[in-house]
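So the protein lines, in turn, are chains A and B.
The first sequence begins at 6 in our numbering and counts up by one.
The second sequence begins at 443 in our numbering and counts up by one.
Don't read these hints as lab results, they were simulated from the structure.
Take the hints with a grain of salt, since some may be wrong.
Per label pair, the in silico range of CB-to-CB distance [said to hold, decoys possible]:
| no. | chain 1 | residue 1 | chain 2 | residue 2 | range |
| --- | --- | --- | --- | --- | --- |
| 1 | A | Trp174 | B | Ala616 | 37 to 47 Å |
| 2 | A | Val79 | B | Pro545 | 50 to 60 Å |
| 3 | B | Ala616 | A | Gly11 | 16 to 26 Å |
| 4 | A | Val79 | B | Ala616 | 33 to 43 Å |
| 5 | B | Lys539 | A | Ile121 | 31 to 41 Å |
| 6 | A | Leu94 | B | Ser767 | 52 to 62 Å |
| 7 | B | Asp558 | A | Val12 | 57 to 67 Å |
| 8 | A | Leu271 | B | Arg516 | 46 to 56 Å |
| 9 | A | Leu271 | B | Asp558 | 48 to 58 Å |
| 10 | B | Lys539 | A | Val12 | 36 to 46 Å |
Fair warning: this is a prediction, and the values are worked out from it, not measured in the lab.
We put the beta carbon where it would ideally sit given N, CA and C, even for glycine.
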Amino acid sequence: MQEEGGVADLWLQFLLTIDATLRVATPLILCAMAGIFSEKSGIIDISLEGKMLMSAFAAAAVATLTSSALAGLVTAIGVSVLLGLLHGLASITLRGNQVISGLAINILASGLTVTIGIAMFKQGGQTPNLSRAERFRPIELPFAEQIGNLPLIGPIYREVISGHNILVWVALAAVLFTAFILTRTRFGLRLRAVGEKPEALDSAGVSVAKTRYLALIVAGVLCGMAGAYLSTAHGSGFVREMTAGKGYIALAAMIFGKWQPRGALLACLLFGFLEAVASRLQGVDVPLIGEAPVDLILALPYLLTVILLAGFVGKAMPPRAIGEPYVKER
Amino acid sequence: MRIKTMIAAAAIAVSTTAVAADMKPAVIYDMGGKFDKSFNEGVYNGVQKFTSETGIEVMEFEVTNETQREQAMRRMAERGATIVLGVGFAQADAISKVAAEFPDTKFSIIDVSWLDAPNLRQYAFKEHEGSYIVGVAAAKASKTGKVGFVGGMDIGLIRRFGCGYVGGVKSVNANAEVYQNMTGTTPSAWNDPAKGAELTQSQIDRGADVVYHAAGGTGAGVIQAAADAGKLAIGVDSNQNGMAPGSVLTSMLKRVDVAAYETFMDVKNGNFSAGVHVLGLAEGGVDWALDENNASLVTDDMKAAIESARADIISGKVKVHDYFSDESCPY
Numbered sequence: 006m007q008e009e010g011g012v013a014d015l016w017l018q019f020l021l022t023i024d025a026t027l028r029v030a031t032p033l034i035l036c037a038m039a040g041i042f043s044e045k046s047g048i049i050d051i052s053l054e055g056k057m058l059m060s061a062f063a064a065a066a067v068a069t070l071t072s073s074a075l076a077g078l079v080t081a082i083g084v085s086v087l088l089g090l091l092h093g094l095a096s097i098t099l100r101g102n103q104v105i106s107g108l109a110i111n112i113l114a115s116g117l118t119v120t121i122g123i124a125m126f127k128q129g130g131q132t133p134n135l136s137r138a139e140r141f142r143p144i145e146l147p148f149a150e151q152i153g154n155l156p157l158i159g160p161i162y163r164e165v166i167s168g169h170n171i172l173v174w175v176a177l178a179a180v181l182f183t184a185f186i187l188t189r190t191r192f193g194l195r196l197r198a199v200g201e202k203p204e205a206l207d208s209a210g211v212s213v214a215k216t217r218y219l220a221l222i223v224a225g226v227l228c229g230m231a232g233a234y235l236s237t238a239h240g241s242g243f244v245r246e247m248t249a250g251k252g253y254i255a256l257a258a259m260i261f262g263k264w265q266p267r268g269a270l271l272a273c274l275l276f277g278f279l280e281a282v283a284s285r286l287q288g289v290d291v292p293l294i295g296e297a298p299v300d301l302i303l304a305l306p307y308l309l310t311v312i313l314l315a316g317f318v319g320k321a322m323p324p325r326a327i328g329e330p331y332v333k334e335r
Numbered sequence: 443m444r445i446k447t448m449i450a451a452a453a454i455a456v457s458t459t460a461v462a463a464d465m466k467p468a469v470i471y472d473m474g475g476k477f478d479k480s481f482n483e484g485v486y487n488g489v490q491k492f493t494s495e496t497g498i499e500v501m502e503f504e505v506t507n508e509t510q511r512e513q514a515m516r517r518m519a520e521r522g523a524t525i526v527l528g529v530g531f532a533q534a535d536a537i538s539k540v541a542a543e544f545p546d547t548k549f550s551i552i553d554v555s556w557l558d559a560p561n562l563r564q565y566a567f568k569e570h571e572g573s574y575i576v577g578v579a580a581a582k583a584s585k586t587g588k589v590g591f592v593g594g595m596d597i598g599l600i601r602r603f604g605c606g607y608v609g610g611v612k613s614v615n616a617n618a619e620v621y622q623n624m625t626g627t628t629p630s631a632w633n634d635p636a637k638g639a640e641l642t643q644s645q646i647d648r649g650a651d652v653v654y655h656a657a658g659g660t661g662a663g664v665i666q667a668a669a670d671a672g673k674l675a676i677g678v679d680s681n682q683n684g685m686a687p688g689s690v691l692t693s694m695l696k697r698v699d700v701a702a703y704e705t706f707m708d709v710k711n712g713n714f715s716a717g718v719h720v721l722g723l724a725e726g727g728v729d730w731a732l733d734e735n736n737a738s739l740v741t742d743d744m745k746a747a748i749e750s751a752r753a754d755i756i757s758g759k760v761k762v763h764d765y766f767s768d769e770s771c772p773y
């Protein structure tokens with residue numbers, strides 16, 4: 006894989022970093038799209054983290070038991086949708102506080118995954134390590150090696166485009182899907198309306214509750230895929246708290262992207278890129294500075310996020326009716 | 443007078459036998475639980491050995507969140523445990539507090555060496571020595587002359603692993619390059635396999651073909667990434683050769699089972715003493731793992747190199763630098 010020559014090598018390293026960016030950003034992208042569906046409909050969704058964690062566990066557990074990654078994915082989606090409906094029950098039907106409901110789901114997921122995991126597998130809350138057949142494997146595109154040998158452009162095909170698992174492609178497709186649904190379909194129009202001015206939708210004879218529930222179901226599906234990606238595609242098994250705050254980062258990316266699919270995608274890629282760069286900068290001599298301390302490198306993505314958020318994002322405009330349970334006027 | 447002493451002596455004799463008969467050992471496993479295929483499971487194996495040999499049941503508790511450590515220890519002491527064994531440096535604060543509250547109960551802790559209490563025994567391991575010999579193995583197995591190390595949380599203990607490893611690698615190939623990455627600076631760095639896999643991938647991208655981890659649960663990602671890329675990983679603490687057979691070159695064993703077994707046996711036989719016990723290669727406290735999962739990876743040449751490095755360290759001919767001694771690594 007190593008090529009001779011400084012420029013070619015640098016180019017290759019850059020491409021490998023881009024490749025890593027895609028891998029790291031995938032769960033963020035799926036979760037951010039889930040967040041857009043939920044929040045556009047007026048439901049604050051900090052339970053992205055919990056849904057992702059729970060579905061990561063479900064995917065790994067079912068994949069182990071059935072030896073099928075696909076069965077794991079389906080279960081993960083089911084579990085995540087159920088949690089979404091629970092969030093809906095609390096915040097739509099019972100008109101509870103959406104932040105508290107979301108937080109409750111996160112805490113529930115954090116405790117329940119470990120408890121069930123210990124009961125099922127007796128490995129301290131982990132699932133057994135998954136074998137190749139139980140995971141989503143990288144897909145090598147045809148002619149990757151032949152095209153890869155072309156100068157400059159070849160490595161792009163070989164390193165960046167080829168060799169991703171199916172869920173990476175699904176995540177990218179989810180962005181197009183989200184954009185399409187939101188702007189080109191009747192459901193999308195209603196979804197946006199219900200987040201901005203639910204009375205208007207209600208007076209037009211469309212059920213506010215039903216629209217919001219539908220949005221939460223779609224969000225659940227996307228979160229479920231993100232969880233399955235973590236434990237059965239990118240990783241090979243569930244480990245306690247393996248989401249490690251990715252749900253919150255996705256939420257931040259969504260806000261950073263102003264609740265728009267394209268903006269959120271770019272924000273997720275930026276987070277992923279910073280993380281990938283951070284992995285590669287540790288212990289490397291940076292010109293002028295020398296070897297940077299580990300703490301600084303690890304803090305880099307977060308520092309840059311703060312700077313970017315403070316300096317470049319401008320005013321973030323959330324959907325107007327977000328966080329408010331809808332009460333029909335009499 | 444003489445009768446009095448005799449009665450007193452008899453009383454003492456009776457009470458000691460009573461103590462031996464009612465020996466109530468307890469162990470507090472840390473996060474990860476007793477079947478974590480790693481650190482805790484090692485302790486569990488030692489405890490099992492003790493129970494099967496002596497027939498004495500051991501009270502157990504598995505900590506599932508940080509606030510339980512101190513409570514669990516106190517409860518064990520209150521329930522009349524004669525010896526309470528703590529697992530891992532994360533329990534250090536809890537055990538030093540509880541040991542002071544129960545001066546008549548004996549305590550022991552693994553992976554700690556800096557506490558001081560008259561009823562507390564501490565076990566430390568010379569991880570740098572074990573890491574050195576797996577470093578020798580890594581350098582022998584590497585075709586590119588580049589190897590990697592992925593640590594968990596960035597603390598002195600983990601730097602000690604890394605430093606010994608570098609020493610071992612350079613002893614075979616002075617020009618070898620060793621890439622070192624730490625997963626994070628908070629305890630979540632022990633449980634981030636996705637990050638572990640990414641760090642490993644980044645080292646492989648730079649040419650590393652053997653990657654050693656000392657990163658707890660994060661290590662699962664390291665081993666998986668190395669196996670996926672067709673490279674080799676080196677496991678840690680327990681024998682992890684079976685996690686990806688054929689892709690794990692060896693594992694650096696930390697014989698925590700020895701520490702657990704020895705503690706309970708000493709209490710049973712009335713030989714318990716406080717203080718710090720340091721287990722290195724010479725004491726059988728650290729070692730490398732060879733079994734059917736990695737037999738095909740270990741060449742005769744490699745095996746000979748590892749064994750001679752081990753012999754040299756035990757005899758004192760080679761002294762592996764201890765990161766703790768000066769907070770730096772000379773290799």
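Hint compliance check: list the failing hint numbers for this structure, sorted ascending. When the structure is compared with the hints, numbers 4 and 10 turn out to be violated.
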